[in-house]
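Once you know that position 235 of the sequence shown is 235 in my numbering, the rest is easy, because the numbers rise by one and skip nothing.
Rather than coming from a laboratory, the hints here were simulated on the basis of the structure. Please note that the accuracy of each hint is not assured.
[Claimed, not checked] Restraint ranges, calculated between C-beta atoms of paired labels, are given here:
hint : residue 1 : residue 2 : range
1    : A80       : L155      : 31 to 39 Å
2    : D249      : T405      : 45 to 53 Å
3    : D164      : I222      : 24 to 32 Å
4    : T362      : W49       : 17 to 25 Å
Remember, it's a predicted structure, so these values are computed and weren't measured experimentally. Built from N, CA and C at the ideal position, the CB exists for glycine as well.
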Amino acid sequence: MRNLWRQTRSFPPAVRLLMANQFAINLAFYMLMPYLAVHLAGALGLAAWAVGLVLGVRNFSQQGMFLIGGTLADRYGYKAPIMAGCLLRTLGFGLLGWADTLPALVVASAATGFAGALFNPAVRAYLAVAAGERRVDAFAVFNVHYQAGMLLGPLVGLALLAADFRVVGTTAAGVFAALTLLQWRALPARHDAAADTGAGREGVLAQWRSVVANRPFLLFAIAMIGSYVLTFQVYLALPLAAADALGADGTAVTSGLFVVSAAVAVLGQLRLTGWARQRWSGHEALVRGLAAMGLAFVPLALTPHDAGAPVVVALLTAVVLLAAGSAVVYPFEMDTVVSLAGDRLVATHYGLYNTVSGLGITLGNLATGALWDVAVRHDALWLPWSILAATGLGCAASIAALARTGRLTVRQPQRVTA
Numbered sequence: 001m002r003n004l005w006r007q008t009r010s011f012p013p014a015v016r017l018l019m020a021n022q023f024a025i026n027l028a029f030y031m032l033m034p035y036l037a038v039h040l041a042g043a044l045g046l047a048a049w050a051v052g053l054v055l056g057v058r059n060f061s062q063q064g065m066f067l068i069g070g071t072l073a074d075r076y077g078y079k080a081p082i083m084a085g086c087l088l089r090t091l092g093f094g095l096l097g098w099a100d101t102l103p104a105l106v107v108a109s110a111a112t113g114f115a116g117a118l119f120n121p122a123v124r125a126y127l128a129v130a131a132g133e134r135r136v137d138a139f140a141v142f143n144v145h146y147q148a149g150m151l152l153g154p155l156v157g158l159a160l161l162a163a164d165f166r167v168v169g170t171t172a173a174g175v176f177a178a179l180t181l182l183q184w185r186a187l188p189a190r191h192d193a194a195a196d197t198g199a200g201r202e203g204v205l206a207q208w209r210s211v212v213a214n215r216p217f218l219l220f221a222i223a224m225i226g227s228y229v230l231t232f233q234v235y236l237a238l239p240l241a242a243a244d245a246l247g248a249d250g251t252a253v254t255s256g257l258f259v260v261s262a263a264v265a266v267l268g269q270l271r272l273t274g275w276a277r278q279r280w281s282g283h284e285a286l287v288r289g290l291a292a293m294g295l296a297f298v299p300l301a302l303t304p305h306d307a308g309a310p311v312v313v314a315l316l317t318a319v320v321l322l323a324a325g326s327a328v329v330y331p332f333e334m335d336t337v338v339s340l341a342g343d344r345l346v347a348t349h350y351g352l353y354n355t356v357s358g359l360g361i362t363l364g365n366l367a368t369g370a371l372w373d374v375a376v377r378h379d380a381l382w383l384p385w386s387i388l389a390a391t392g393l394g395c396a397a398s399i400a401a402l403a404r405t406g407r408l409t410v411r412q413p414q415r416v417t418a
């Protein structure tokens with residue numbers, strides 16, 4: 001923890017504020033969201049389709065609107081979307097905690113999703129600009145704060161649930177209200193270089209065409225889709241495997257997997273990033289991290305699904321390798337997005353990148369779920385694990401090919417002013 005504190009303190013005040021901001025965002029988000037479905041179906045008695053609608057609206061309004069949020073950040077500066085997103089989450093989470101009708105819950109869910117689409121691209125673009133040449137280190141420290149919020153949020157939410165779900169919603173809303181005020185008082189205004197070069201005054205369609213025409217960036221975004229599909233299996237395939245092998249005990253194992261995943265990122269991120277930087281270039285770190293994420297599923301493919309304790313060992317191995325691989329990949333991935341953007345319209349590039357990865361997660365989860373059903377019917381659970389392993393190795397090979405052909409060459413950054 002001393003190393004984390006020292007690293008955090010080494011960055012400018014604006015960067016430190018963004019890191020603390022992200023910790024609090026995840027703390028508030030994860031103190032409520034893991035328990036929302038149970039609240040909707042239990043205390044409010046909503047049908048399963050209604051629960052799915054509320055959760056689906058949140059996901060769609062976030063993933064589908066990332067490009068809008070990034071565009072607004074590049075046109076009007078990063079501070080305004082960050083503040084607007086936190087304020088919208090304040091209203092949305094407060095409403096989620098107290099609403100008891102489906103229309104109000106849908107509105108609240110849409111608000112919380114769009115809030116994420118507003119501040120996520122802006123925060124990452126601001127961090128990239130403010131950190132300058134230390135982008136990789138900044139994103140590594142940022143990810144520790146991010147994962148720490150994910151780790152502590154559910155624990156805080158569980159403690160607050162002892163009182164009432166409305167207390168959870170009100171507390172989460174209060175955190176976002178405090179963040180809104182903090183950004184207003186302490187976060188300096190910051191604009192992308194486009195605002196100074198005149199690009200920020202282009203029409204929105206021209207701005208989007210500029211980003212879509214960035215072929216190396218699009219190829220990189222497509223090549224990285226599989227990494228997001230693999231990461232999401234902590235929420236899909238791994239819990240299914242735990243339930244299949246352990247029955248009712250699978251729930252406790254699944255909870256443990258979440259904790260292990262976050263703990264690996266919190267405790268290992270800075271060490272892994274420093275170790276990778278000493279040995280590899282950015283694209284080499286991406287290739288090796290993606291390969292590790294793919295290899296995480298090999299033990300599960302080789303372990304009989306009804307083996308009990310060996311399955312638990314294989315699940316833990318998968319989670320550790322996934323988390324470690326993701327920790328290696330993340331800072332270099334975020335740095336590559338900025339480099340491929342040429343330090344221009346950075347938030348819009350992040351917005352489109354998140355939209356592409358979000359669409360990939362949706363399609364990948366549908367495919368994984370369908371493949372799992374087929375594998376269960378034919379007693380061939382090695383099949384989805386093998387496909388997932390091949391996905392990770394395919395992503396690694398794609399990034400290696402892009403680097404080999406010069407498409408990941410880092411451009412000289414343009415001068416950016418506040």
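Sort out which numbered hints this structure fails and list those numbers smallest first. 3
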